[in-house]
Amino acid sequence: MPLVVRVTHQLSRLISSVVSKPLPFFLFVEKVLRVQPEVKRLFLLVRAADAASANQRVQTEILGKDLFKVLRDKHGDGFQPFVASKVFPVAGDIVREDLGIQDSNLREKLWKEVGIVVNVAATTSFDDRYDVSLGINALGAKHILEFARRCVRLEMLLHVSTAYVAGEQSGLILEKKFLMGETLKGGSYLDIEAELRLVDKKKRELRAEYATEEVEKLAMKRLGMKRYFGWPNTYVCTKAMGEMLLGHLRGDLPLVILRPTIITSVHRDPLPGWIEGTRTIDSLIMGYVKGKIACLFGDLDNVADVVPGDMVVNAMMVTMAAHSNQRSEFIYHMSSSVRNPMTYAILEQSAYRYFLENPRVGKDGRIIKTRRVPVIRNMTRFRTYMTVRYKLPLGVLHLINLLSCGRFARGYNELNRKYKFVMHLVDLYEPYAFFRGCFDDLNMERLRMAMKKDDAEAWMFDFDPKHIDWEDYFYRIHVPGVLKYAFK
Numbered sequence: 001m002p003l004v005v006r007v008t009h010q011l012s013r014l015i016s017s018v019v020s021k022p023l024p025f026f027l028f029v030e031k032v033l034r035v036q037p038e039v040k041r042l043f044l045l046v047r048a049a050d051a052a053s054a055n056q057r058v059q060t061e062i063l064g065k066d067l068f069k070v071l072r073d074k075h076g077d078g079f080q081p082f083v084a085s086k087v088f089p090v091a092g093d094i095v096r097e098d099l100g101i102q103d104s105n106l107r108e109k110l111w112k113e114v115g116i117v118v119n120v121a122a123t124t125s126f127d128d129r130y131d132v133s134l135g136i137n138a139l140g141a142k143h144i145l146e147f148a149r150r151c152v153r154l155e156m157l158l159h160v161s162t163a164y165v166a167g168e169q170s171g172l173i174l175e176k177k178f179l180m181g182e183t184l185k186g187g188s189y190l191d192i193e194a195e196l197r198l199v200d201k202k203k204r205e206l207r208a209e210y211a212t213e214e215v216e217k218l219a220m221k222r223l224g225m226k227r228y229f230g231w232p233n234t235y236v237c238t239k240a241m242g243e244m245l246l247g248h249l250r251g252d253l254p255l256v257i258l259r260p261t262i263i264t265s266v267h268r269d270p271l272p273g274w275i276e277g278t279r280t281i282d283s284l285i286m287g288y289v290k291g292k293i294a295c296l297f298g299d300l301d302n303v304a305d306v307v308p309g310d311m312v313v314n315a316m317m318v319t320m321a322a323h324s325n326q327r328s329e330f331i332y333h334m335s336s337s338v339r340n341p342m343t344y345a346i347l348e349q350s351a352y353r354y355f356l357e358n359p360r361v362g363k364d365g366r367i368i369k370t371r372r373v374p375v376i377r378n379m380t381r382f383r384t385y386m387t388v389r390y391k392l393p394l395g396v397l398h399l400i401n402l403l404s405c406g407r408f409a410r411g412y413n414e415l416n417r418k419y420k421f422v423m424h425l426v427d428l429y430e431p432y433a434f435f436r437g438c439f440d441d442l443n444m445e446r447l448r449m450a451m452k453k454d455d456a457e458a459w460m461f462d463f464d465p466k467h468i469d470w471e472d473y474f475y476r477i478h479v480p481g482v483l484k485y486a487f488k
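Letter by letter, the sequence shown follows residues 1 to 488 in full-length UniProt numbering.
Hints are computed from structural coordinates only; laboratory data are not their basis.
Listed next, the in silico EDC-like pairs over lysine to aspartate or glutamate satisfying Cα-Cα at most 20 angstroms (straight line):
#1 Lys-202 / Glu-216
#2 Lys-177 / Asp-191
#3 Lys-466 / Glu-445
#4 Lys-109 / Glu-146
#5 Lys-86 / Glu-38
#6 Lys-142 / Glu-193
#7 Lys-142 / Asp-98
#8 Lys-484 / Glu-61
#9 Lys-40 / Glu-155
#10 Lys-226 / Glu-205
#11 Lys-185 / Glu-168
#12 Lys-217 / Asp-200
#13 Lys-226 / Glu-430
#14 Lys-221 / Asp-427
#15 Lys-112 / Glu-155
#16 Lys-177 / Glu-445
#17 Lys-112 / Glu-97
#18 Lys-109 / Glu-97
#19 Lys-466 / Asp-440
#20 Lys-369 / Glu-357
#21 Lys-221 / Glu-193
#22 Lys-201 / Glu-214
#23 Lys-226 / Asp-200
#24 Lys-484 / Glu-471
#25 Lys-226 / Asp-191
#26 Lys-221 / Asp-127
#27 Lys-176 / Glu-329
#28 Lys-142 / Glu-329
#29 Lys-203 / Glu-216
#30 Lys-418 / Glu-430
#31 Lys-203 / Asp-191
#32 Lys-466 / Asp-455
#33 Lys-484 / Asp-472
#34 Lys-86 / Asp-73
#35 Lys-74 / Glu-38
#36 Lys-290 / Asp-364
#37 Lys-86 / Glu-113
#38 Lys-221 / Glu-209
Computed from a predicted structure; not experimentally measured.
From just these sequences and the hints, can you work out the full model?
What follows is the structure in structure tokens.
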């Protein structure tokens, strides 16, 4: 049976969870509505107090995006009626049992109708509060699984994770599952229940001391920084916990875990260059445009494993079609480092070429000359540079401030805060600037080979990174897309 027909059938009843609205979520909703109009209904879990608020968020924060222009043009005046007949916002919260859905009649309706559950919810900040990351990335996955178990027509659960649950491994990283309690730190065991108790205990202590919200926030961030278990940050650590819980508790529930690498703007379909928010590498482009980057650190010869958002969504839809009602767990890397590696040098050269040919204009209307930003290729030299350029002058300013009885305290404190913030970001991003691993995608390649039997479907659901010319993509699509949709 052709894949497109199978996908149409399997998307007939769907719940997609939304918390921080990762890029694949927007693209997934748009793609389903555009290429699978026979879909019965999309139930979208939205963090909101009630149905009216949930509907308002969907209308303004999702359907109002430029991304939906093709769909709006296709339906014209019938766009809103079409969407109203397909999209059903559900007020709830993934961090709560029963997904925080208060209406018991609605819960029963979902359990009777939902056939496929898709979880793309995540908090992706590397240094978010530990309680928030645990709640969304780990407990959220558990709550999704428990909800899916009660769906009498369930065909599968698709969970979108991240390839970087691999931590700082080097060499070829395989598509394999995590065992419960497994860590990346030798000789240690990860007790997720104990971590939840630790967070609860710490919050009770803070509240007993009448700590302010800001104090609690800082304490939760610091707690997270101590609980990496071999992972480089809170985000990937808690995403790995989520995978463990799913694998451990699923029983015979059909489960697919899709692990994308760094997701970038749309390559082809429906709006080349479209992006929501900024990804890791986009912060460099934004910093350069704002004139806030004096130098870069990292090895430009390193492979930057990136995949366009539309290919991630196509991979989601194909895995759903391939594994419906298969009572097993499947792991997929959606990556490019093996099939079509792209180095940071390509990104740097493409961005430099773009700004050379499309120079920035200052607030005074004058053209800002495009200069190459120096790149420091090793961390020892980078830290030496930061010490000489910033830390030593800060020491001098501190001494002057003491001798002048605090006349320069405000300036010193502000500069010191900025320096510490920059060095904190450096610590967070260092593992990725010097990452030496590549992500095996043999499982995904098997799906690509199956797709090649139908040229039309292979084009509609293309997820082969070999079809991307990285230099052309970054120069012609991604950099201008970041400026248009993220930088505005």
